[in-house]
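Chain by chain, the residues run as shown.
Number of protein chains: 2
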Amino acid sequence: MLFVGRNGTGRSGDKLLTPPRVIQETNKTIATILRGDVKILKKLAAYVVSSGGKRIRPLFIYYLGKANNLEGKELIRLGALLEIVHAASLLHDDVIDRADERRGQPTGAKLFGNKQVVLGGDHLLSSGLQYLNTLGNPHYMAVFTDAIKALSEAELVQMQHHFDLKTDLKTHGRIVDGKTAVLFRAAGALVAILHQNGGDFYRSATAALGESFGRYFQHRDDYLDYFDAQRLRKKGLQDFANGIVTRPLAFLLKAVSRPEYAGLKAEWSHAQKSGQVRAEGEILRLMQKYRIEEKCRELLRSDENRILAGLAALPEKEPREIISREFQKILAVRAA
Amino acid sequence: MLFVGRNGTGRSGDKLLTPPRVIQETNKTIATILRGDVKILKKLAAYVVSSGGKRIRPLFIYYLGKANNLEGKELIRLGALLEIVHAASLLHDDVIDRADERRGQPTGAKLFGNKQVVLGGDHLLSSGLQYLNTLGNPHYMAVFTDAIKALSEAELVQMQHHFDLKTDLKTHGRIVDGKTAVLFRAAGALVAILHQNGGDFYRSATAALGESFGRYFQHRDDYLDYFDAQRLRKKGLQDFANGIVTRPLAFLLKAVSRPEYAGLKAEWSHAQKSGQVRAEGEILRLMQKYRIEEKCRELLRSDENRILAGLAALPEKEPREIISREFQKILAVRAA
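Chains as they are written, first to last, in this note's numbering: chain A, 1 to 336; chain B, 1 to 336.
Isolated chain A (complex conformation):
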């Protein structure tokens, strides 16, 4: 029973916001949740609000909820909390990877130092959970604590398989689910909770849609790391350089001959030592030889169609169209 209004009272009635307004309201809510009098925390809050990113998670939960006729204000609150958890996870990730940049932006670690970034991440999380608790729904709390646990677990699994060429697709799938899919699945579960007042929210259509979307999002990123021409020119094969086996590489390793496998293994060791990919051209030639791009693209297309079908089944037309339009931009596989 996913398509009745909250508490069975029918339509929520509040106005549908445009995406820029959703982002604006989300930022306001984030700022409220993170307000405090410690200087460094003020800076950190401003950083989280201003660095912004695309706010995909808040947009996703807002329009998914509105497409199911839910109250906008609660969706904004939950979206802000998803974004805070996401930001905290990125901050702790930054410390760990000692990454110098994330998508061209200076990272938190570089701006604030490792020390402040760990504590800042803790502060974001606890401020978020404190606010969440005031919303008074223990099901919400279950979804968020499950998600935070899954995020740290997935990072640890990924670490355990760092530069492990034998990482199988099952393990990779677990990492994808924990690192990326989990917050989109959480968004879907939260929408289901709002509808059903609890129930088996992880088995809802919206949680399934969220999970598919999150998985797709990560697999598409992994695909682009090997096959997006524009990205390759700047910095290709980052996952190979960083010792992470993703779908393209896992498929390739299964397909290649023994001598080719040995060659890839040597490149892998070189990347581990140097942090650089030496034989980019050769790796891409093998990808082409075994038609890995086509294989990956086919899988992405079928995922994409399932997601679009899921979106099309949502009851409310206007938010459904916005969500399809907004996410079509992301869903479109850019490479030919």
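Rather than coming from a laboratory, the hints here were simulated on the basis of the structure.
Treat the hints loosely; a few may be bogus.
[To be verified] Within a straight-line C-alpha distance of at most 30 Å, the following computed DSS-like cross-link-like pairs (lysine-lysine) qualify:
# : chain 1 : residue 1 : chain 2 : residue 2
1 : A       : Lys115    : B       : Lys295
2 : B       : Lys42     : B       : Lys115
3 : A       : Lys39     : B       : Lys39
4 : B       : Lys329    : A       : Lys115
5 : A       : Lys39     : B       : Lys170
6 : A       : Lys115    : B       : Lys42
7 : A       : Lys115    : B       : Lys234
[Claimed, not checked] Stretch by stretch, here's where chain A covers chain B in the computed footprint (C-beta under 8 Å, at least three residues):
# : region
8 : 34 to 40
9 : 140 to 147
[Stated by the list, open to error] If you anchor each label on the Cβ, the simulated ranges turn out as follows:
#  : chain 1 : residue 1 : chain 2 : residue 2 : range
10 : B       : Lys42     : A       : Arg291    : 50 to 56 Å
11 : A       : Gln276    : B       : Lys43     : 40 to 46 Å
12 : B       : Ala229    : A       : Gln276    : 54 to 60 Å
13 : A       : His162    : B       : Arg306    : 51 to 57 Å
14 : B       : Pro315    : A       : Met159    : 47 to 53 Å
15 : A       : Thr32     : B       : Gly275    : 39 to 45 Å
16 : B       : Gln24     : A       : Arg278    : 53 to 59 Å
17 : A       : Ser274    : B       : Arg21     : 53 to 59 Å
18 : A       : Gln328    : B       : Leu165    : 58 to 64 Å
19 : A       : Lys43     : B       : Asp168    : 19 to 25 Å
20 : A       : Thr134    : B       : His162    : 30 to 36 Å
21 : A       : Asp37     : B       : Leu169    : 37 to 43 Å
For every residue, glycine included, the Cβ atom is placed at its ideal position computed from N, Cα and C.
Use these hints to put chain B onto chain A, whose structure you have.
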């Protein structure tokens, strides 16, 4: 109304456990909460269980609760959760300070590496909160999220005042409250929640007692860093070396003459550069000259008397006596 049994049903009736049994049951509960299939997490859980420490927080909440006639099992659960939050905070602290050891034990960071320690801390926290949520009391959640937030905030305030000789007693008090007192205050608040089914639990007698105890505990540590002969032989004036202004130093700075202040300032700068205290003897001579030890000890004694009076007012005799006896060991100021 702090002295009636849970839900007004009178005495809880379950048997009073000895301190070693409380620790044993706490460790079992911690192991249950932290169980999982990720290899590194198993090691981390084993480390948290086995490194143990004195389990002061679980003992404190157990006997405080029993002295108020509460159910033992729930107290063990809450004590295990306090210990998990404490362990997570130490882990994140380890990363930050790059400390090589904590009280003679190898630190988590040294055993597991920074990377795993940040994520491991996150995992401890989220596992704890996930379990806490299943206990189904939103007041518990409020107390824990408040405490976690206060812990990270206090660490950040401390960082902000790192090697700041002008750190005043108010700021130092805030750090003490956030870093140490907060989890003892939480223990007292949780006991009050169990009694009152909510209410203004932070204003309860047990929360006040917990806070006094936690503050005392930290001030006593700060005192011993300057005035405990045994400790001084091993590694004295750690707080000075680490650029933290505690009560003894704050009192001294207020008391000294201008040239003496300049001398201390020079030593402070030297410690900042070298991480070493050069003029330990001279600093201690000034402490003696201005009778700082006596002043600190007087304050500790008056705190101690207040705590003992608070303990004496608890209704149940047997747990009250155990808590007094156990904590008398800690409460006793060792230095002459």
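Going down the list of hints, with the structure as the test:
1. A:Lys115 / B:Lys295: violated (34 Å)
2. B:Lys42 / B:Lys115: At roughly 16 Å apart (the allowed maximum being 30 Å), Lys115 of chain B and Lys42 of chain B satisfy the hint.
3. A:Lys39 / B:Lys39: Not OK: Lys39 of chain A and Lys39 of chain B at ~39 Å, beyond 30 Å, violated.
4. B:Lys329 / A:Lys115: Given pair Lys329 of chain B, Lys115 of chain A is violated - Cα atoms ~35 Å apart, limit 30 Å.
5. A:Lys39 / B:Lys170: Holds, at roughly 16 Å.
6. A:Lys115 / B:Lys42: holds (26 Å)
7. A:Lys115 / B:Lys234: holds (28 Å)
8. 34 to 40: holds (count 4)
9. 140 to 147: holds (count 4)
10. B:Lys42 / A:Arg291: 50 to 56 Å: violated (41 Å)
11. A:Gln276 / B:Lys43: 40 to 46 Å: violated (32 Å)
12. B:Ala229 / A:Gln276: 54 to 60 Å: With Cβ atoms ~56 Å apart, the hint holds.
13. A:His162 / B:Arg306: 51 to 57 Å: holds (53 Å)
14. B:Pro315 / A:Met159: 47 to 53 Å: Given a distance of about 50 Å, which is inside 47 to 53 Å, the answer is holds.
15. A:Thr32 / B:Gly275: 39 to 45 Å: holds (41 Å)
16. B:Gln24 / A:Arg278: 53 to 59 Å: holds (56 Å)
17. A:Ser274 / B:Arg21: 53 to 59 Å: holds (56 Å)
18. A:Gln328 / B:Leu165: 58 to 64 Å: holds (59 Å)
19. A:Lys43 / B:Asp168: 19 to 25 Å: holds (22 Å)
20. A:Thr134 / B:His162: 30 to 36 Å: holds (33 Å)
21. A:Asp37 / B:Leu169: 37 to 43 Å: violated (18 Å)
Figure legend: structure checked against the earlier numbered hints; hints not met, in rising order: 1, 3, 4, 10, 11, 21.
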